[in-house]
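Protein sequences, first through last, are from chains A and B. Taking our numbering, the leading residue of the first sequence gets 377, the next gets one more, and so forth. Taking our numbering, the leading residue of the second sequence gets 377, the next gets one more, and so forth.
Simulated from the structure, these hints should not be mistaken for laboratory data. Treat the hints with caution; some may be incorrect.
Heads up, the list lumps identical chains together, so a pair's fine if it works in one copy or across two of them.
[Claimed, not checked] Subject to a maximum C-alpha distance of 35 Å in a straight line, what follows is the list of computed DSBU-like cross-link-like pairs (lysine-lysine): (1) Lys498 with Lys723; (2) Lys821 with Lys865; (3) Lys749 with Lys767; (4) Lys827 with Lys483.
Residues per chain, in single letters:
There are 2 protein chains.
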Amino acid sequence: MAKKQKTFRPKARVPRGFHDRLGSALTAERDMLARISAVYEAHGFDALETPAFEYTDALGKFLPDVDRPNAGVFSLTDDDEQWMSLRYDLTAPLARFVAENYDGLPKPFRRYQVGPVWRNEKPGPGRFRQFTQCDADTVGAPAPHADAEMCALFADVMEAAGIARGDYIIRLNDRRLLAGLMEIAGLAGVATEDEAQRMTVLRALDKLDRLGEDGVKLLLGPGRKDASGDFTEGAGLDAGQIDRVISFVTATAQTNAQTCARLREFFGPSETGLAGVQTLDEMTMQLAALGYKEDRIRIDLSIIRGLEYYTGPVFEADLTFEAKDDKGRPVRFGSVGGGGRYDGLVKRFKGVEVPAVGISVGVSRLLAALALKDNTAKVAAGPVVVLALEKDQMAAYQQMAAELRAAGLRAEVYLGGSNFAKQLKYADKRGAPLAIIQGEDERAKGEITIKDLVLGAALSKNIQDNKQWREGQPAQFTVKRAALVEAVKQTLPRKSQ
Amino acid sequence: MAKKQKTFRPKARVPRGFHDRLGSALTAERDMLARISAVYEAHGFDALETPAFEYTDALGKFLPDVDRPNAGVFSLTDDDEQWMSLRYDLTAPLARFVAENYDGLPKPFRRYQVGPVWRNEKPGPGRFRQFTQCDADTVGAPAPHADAEMCALFADVMEAAGIARGDYIIRLNDRRLLAGLMEIAGLAGVATEDEAQRMTVLRALDKLDRLGEDGVKLLLGPGRKDASGDFTEGAGLDAGQIDRVISFVTATAQTNAQTCARLREFFGPSETGLAGVQTLDEMTMQLAALGYKEDRIRIDLSIIRGLEYYTGPVFEADLTFEAKDDKGRPVRFGSVGGGGRYDGLVKRFKGVEVPAVGISVGVSRLLAALALKDNTAKVAAGPVVVLALEKDQMAAYQQMAAELRAAGLRAEVYLGGSNFAKQLKYADKRGAPLAIIQGEDERAKGEITIKDLVLGAALSKNIQDNKQWREGQPAQFTVKRAALVEAVKQTLPRKSQ
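Throw the hints in and build the complete structure from the sequences for me.
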């Protein structure tokens, strides 16, 4: 007790590359994920939660390099000397879970999982080392039905998240079409350099949206110099090969049936390609019968997703509306999620292929898009603040807050000093829409004053309109104590107008 | 490609001390936490999410021992050589967050946080190294108002979780009463052995509920031998001291006002004790004015919680109903959460005291209690399964599932082989309440068959009542296709009877 020591004072700081989230930044995500989860549930998917840790070998990484045990993932050794890593996605834990519980699970096994994942990467602006993923997968069911269901689910998820029909599109392609294309274009060699060339071709096709046909042709051939003068090496295809590849990509037609017809013609002799066309045809016909037509789900031959991983249909959810950023510039969001069929899920553990198909929602991109689209969401989300002006009236103030809560509103009593201006400043800082005021005078008359803080802020910004505003909607008014809840309810809806 | 290697096959296993949760085991927790969060929100608390990692020094641990870097917490070094640890509770991150953002936060600052925490401890039965915590804290507001509010919030949280009024009690004590008791009993010495003796006294008092007055007297005096013959060293108090301590604990009266009156008499000269009584008196009077009376919030002088930490009022939420375990034996749950006032929250970072008060809900204990209390929750929670008997009718089956979902029900189509028995077995394994069957015959007649799987299971268990059941409620029946949704809705409610 009498020991005198220099006190160590750690600096309070969030770890590098991580961030805290408070209030609406967090609840907007939580509420969206709850709506998406409800869609997954309705479709028969069961919620799964796996722990943050997996054994490192189960993640597909072997024992970490002793010098760099945290390359890509966060790893540590348990006290029994086994390496554990924080999961970097939700698919690797699913693979481990399915392999571990294979015999006991119903098959097909449908599960969804929502939760944080961790990446041990160099942090960048807006790129964090912990973020939320939201996946749904069907394990043990073959194409095309499980894949069609996944596309319908994806569309339902977009609408549940708050994206109106017409503002998104689920684009659909098949891994086997691209493999067939390589055969037809004479790019199916098995040497390492052939594989590299195929990847260059696919990267080129992935840019069709951005560079247009001419730009892609350069990337397929000799290479392309961009506006800044940087040169990108091309795939070195000859003119005939380029024509074939381009004629594939431009085979995307207005209707899915037309696209399939064109593809059948295009693939003529390629069995791999035709298998892909057959699946897409069956999927889109089944989807159309359920009402999911080209306005929601369209074959798009320029969709390229993680090709080393997928084995059949691939999907991408794209936002198609234009929003404006806070400087008024148009923003296009593009992809807010993707997925596809992959049959190697549990092969690492069990040595056998199990068919699987899944989607992953791009949570933070989707939220960012919704925030820009829906400016009305930016209303004051704070609680109604009941000021505490007389110390011996705390129970009366708490009673007011309790009545407001009972009516379904957020409400709290200020708990600090009795300074009036400080209390109002607090209410502002809290994003409170209203403050409830009952001083000695009001109390004597059995009244309360309701101060509209949002309107008050608007008033102070628009001095020229002050008189007009005041006449129409005063920023504060007085009502009988018994009318508290009714008066607050009538005042609140103004916010969202 | 032609490389031949012995394939490494990792064993699929969840890491030691961790567990997976699937379906209702997970959604029951999620739904309860959503209801509790809504109460926190309504009271003006804002959601906070901090990352899984904190710098180790911010957790109150200094650089980990190089030989045991993971003692108690999971730790690793970042690539800039800083030690990071996974949080072991939600209070340490709150302290770091408040210290880091102090000037920008409204004060008082009310926040709640729900999320996983990690403990690097020896796993045991039902004790996991990752579990969920659910906390609410008010930072920057002094007693008694913030403390009274926290008690009211605690009661509201219990009811939102699903505990009926009368089945729980919020017990209330004050750290300063116990400090005052030590003064009065002549146990206020500052030597290390005095501190140890005080802890022994407090541990003895903590057992009043279990051992009764006589058992506690032994623990306060010479020591106590339990039924198994194990001897617990006593605190070595003399008869007069024991009397004083016991007269304190038994001062708990029927009403909070009576308890406060008795305590005032008891503490006569002890300023520390009287300060505690004054706070409890003000809190309980304010709570009573708001309708929170002794049936919900009671002063209980035997409540002892983490004394090295709390500085004022302490609370504990106890369940008071008796439930039966699955062998019919009575189970008492006791504490399902606690909290109190602690003023040292950010002192480690900023060197100044900031008043704070908070509660923490014991999520897994509360869930376990609810599960035992509410057996009706154990209805079939799986989706309605539409069997897929004819491969070319998949769109028709999906249409049935879509109609059921549009009516707010969980529904899915079986996606596997066409074997009828296998499909029914799948539906059972999924916990499906109903299966929808449309084979060729039914389709020709424009009908569907609804098979009640829960009733079917009951029938097969009660052969003797078979005839009677069959006559009253058949386990399957046929309706027109157009009546699908209506018939399913009418059949489902049976489950919860």
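Unsatisfied constraints (hint numbers, rising): Hint 3 is the one this structure does not satisfy, whereas the remaining hints hold.
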